[in-house]
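*Asks:* So the chains spell out like this:
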Amino acid sequence: MNSARTPAGPGYRPGGRDILGAVDSATVILVLVVVVALSFDFTNGFHDTANAMATSIATYALRPRMAVALSGVLNLIGAFLSVQVALTVTNAVLHIQNPDGTPRGDLVSGGGTALLIIVLAGLTGAIVWNLLTWLLGLPSSSSHALFGGLIGATIAGLGWGGVNWVGSGDKPDGVVGKVIIPAIASPVVAGIVAAAGTWLVYRTIVGVATRYTDQGFRWGQIGSASLVSLAHGTNDAQKTMGVITLALIGSGHWTSTTSIPFWVKLVCALAISLGTFFGGWRIIRTLGKGLIDIAPPQGLTAETSSAAVTLVSSHLGYALSTTQVTTGSVLGAGVGRPGATVRWRVAGRMVAAWLITIPASAVVGAVMWYIAHALGGGLLGAVVVTLILIGVSAAIYVRSRRAPVHASNVNDDWDAPAPTEQRPVAA
Amino acid sequence: MHVFGTELKSIGQILLVGLILGAGLPLVFSAGIRAMAWGTGGDTEASGAGQAAARPHPMGRVLAVMCFVVVLAVVALGITFIVASGFGKALSFQHVVPTLVDKA
Numbered sequence: 001m002n003s004a005r006t007p008a009g010p011g012y013r014p015g016g017r018d019i020l021g022a023v024d025s026a027t028v029i030l031v032l033v034v035v036v037a038l039s040f041d042f043t044n045g046f047h048d049t050a051n052a053m054a055t056s057i058a059t060y061a062l063r064p065r066m067a068v069a070l071s072g073v074l075n076l077i078g079a080f081l082s083v084q085v086a087l088t089v090t091n092a093v094l095h096i097q098n099p100d101g102t103p104r105g106d107l108v109s110g111g112g113t114a115l116l117i118i119v120l121a122g123l124t125g126a127i128v129w130n131l132l133t134w135l136l137g138l139p140s141s142s143s144h145a146l147f148g149g150l151i152g153a154t155i156a157g158l159g160w161g162g163v164n165w166v167g168s169g170d171k172p173d174g175v176v177g178k179v180i181i182p183a184i185a186s187p188v189v190a191g192i193v194a195a196a197g198t199w200l201v202y203r204t205i206v207g208v209a210t211r212y213t214d215q216g217f218r219w220g221q222i223g224s225a226s227l228v229s230l231a232h233g234t235n236d237a238q239k240t241m242g243v244i245t246l247a248l249i250g251s252g253h254w255t256s257t258t259s260i261p262f263w264v265k266l267v268c269a270l271a272i273s274l275g276t277f278f279g280g281w282r283i284i285r286t287l288g289k290g291l292i293d294i295a296p297p298q299g300l301t302a303e304t305s306s307a308a309v310t311l312v313s314s315h316l317g318y319a320l321s322t323t324q325v326t327t328g329s330v331l332g333a334g335v336g337r338p339g340a341t342v343r344w345r346v347a348g349r350m351v352a353a354w355l356i357t358i359p360a361s362a363v364v365g366a367v368m369w370y371i372a373h374a375l376g377g378g379l380l381g382a383v384v385v386t387l388i389l390i391g392v393s394a395a396i397y398v399r400s401r402r403a404p405v406h407a408s409n410v411n412d413d414w415d416a417p418a419p420t421e422q423r424p425v426a427a
Numbered sequence: 001m002h003v004f005g006t007e008l009k010s011i012g013q014i015l016l017v018g019l020i021l022g023a024g025l026p027l028v029f030s031a032g033i034r035a036m037a038w039g040t041g042g043d044t045e046a047s048g049a050g051q052a053a054a055r056p057h058p059m060g061r062v063l064a065v066m067c068f069v070v071v072l073a074v075v076a077l078g079i080t081f082i083v084a085s086g087f088g089k090a091l092s093f094q095h096v097v098p099t100l101v102d103k104a
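Heads up: the protein sequence lines correspond to chains X and Z, in order. Going by my numbering, the first residue of the first sequence is number 1, and it counts up by one from there. Going by my numbering, the first residue of the second sequence is number 1, and it counts up by one from there.
Any given hint could be a false lead.
[Said to hold, decoys possible] To give an idea of the chain X side of the interface with chain Z (calculated C-beta under 7 Å), a few residues: (1) 162; (2) 163; (3) 181; (4) 300.
For the record, the hints were derived by calculation from the structure and aren't laboratory data. A virtual CB, placed ideally from N, CA and C, is assigned to each residue, including glycine.
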């Protein structure tokens, strides 16, 4: 954090000294924002381990620990590959940045406190929602949680006009064009692709001994899951990088809008990779065992569909939720295999969670902003919001220990124990 | 309303390319496994009652390797695509052979 010592830029004002004496309050708030942003990145990682690895774990293609380790390493590599400037991360949904990535002028006066409080409140909303859905074992989109939290905090801080609802109207943009329509379309598209792939694959291998095919498909699964992990690192880590860099620019500690400080890239890559390695076992269990009883060919088609749909859409400029794409793919893989059962009740719970992700994290984000605002909108507010976040996170963690899910019980049967369940083939 | 038209067109494109890659690759891969099973012979192919266990077919192995090579090549292209877009490059198929070019 060398750059923190050489504040520069129009927004910087060395005033506002407080109880900490030599350090001005905007800098302390900035540090809180960075720490909370990295915590979000961590939850993003462990929330999304399931997207890449749930199917491989469920079919015993990889041991659970091995799977999360592989995914963690690939996320780390992926995060470093994303040197694309992610500075305009909020532009799709908010009006807090200029088109070139610099924050709005009126938000950066006074050391950027106004901007920092919005970002802090938004991140808090996103983390709380990520942890709640993790507790319930529901795969929900971390990107939607982030957007939702920021939208809520922005509405609270700047009014409804601060949100970019539909963009300028001449291209798909705004909350509707960049978030809601892709969110509805992507699971359907991924499901169709996975269903078609699964159907074709099962037609192709009719007559070949299952023992033989499963062995081969496990290798295919590992390959396709690795591709999903790599794509996840490149897509998701840069969102946090963008948010942190936005906060740095807003508080006058960084001026370039075409590059990101290296330490930001490093810590974000480490945070998402560590989160992935930590493994969101609850969500892995739902995605791998809850929706369908997945077999190796289905695992391969689901992950290949996820990788293909995610990569093609990001090529066309749609940052899809990998979570929704994967869930759609897993469902499709269930539909495409003749005779397979799909637990639509579980799928229904997930869809319900998706529908309320943005509103729910927006409400938390807005409440946090109001709390910070009521406490003066400065250092005290930021500290209290951070303490609330720590308290809520601790409470959710304690609650989760009542029925822990971990590497050794992640593959237990979903319904009542069925002794005829498929056993791992000696590998 | 033409925004929705654009959006629908994008979704259609994603579906089409997604089907080619996302369903096509598993198909080629499973064809490879099928060919490998035929090539290996023995009890890899479930034989009907009264049939003798299949003999190995070297041709099957060749076909299988070809299928796996195709899959690996497309995956390698996929990774190149991810890395390239991270470094501000794009994959161009203008000259049939994929080449890296600067992003438009």
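*Asks:* All hints, please: hold or fail.
*Replies:* Evaluated hints:
no., hint, result
1, 162, "violated, 22 Å"
2, 163, "violated, 18 Å"
3, 181, "holds, 6 Å"
4, 300, "holds, 5 Å"
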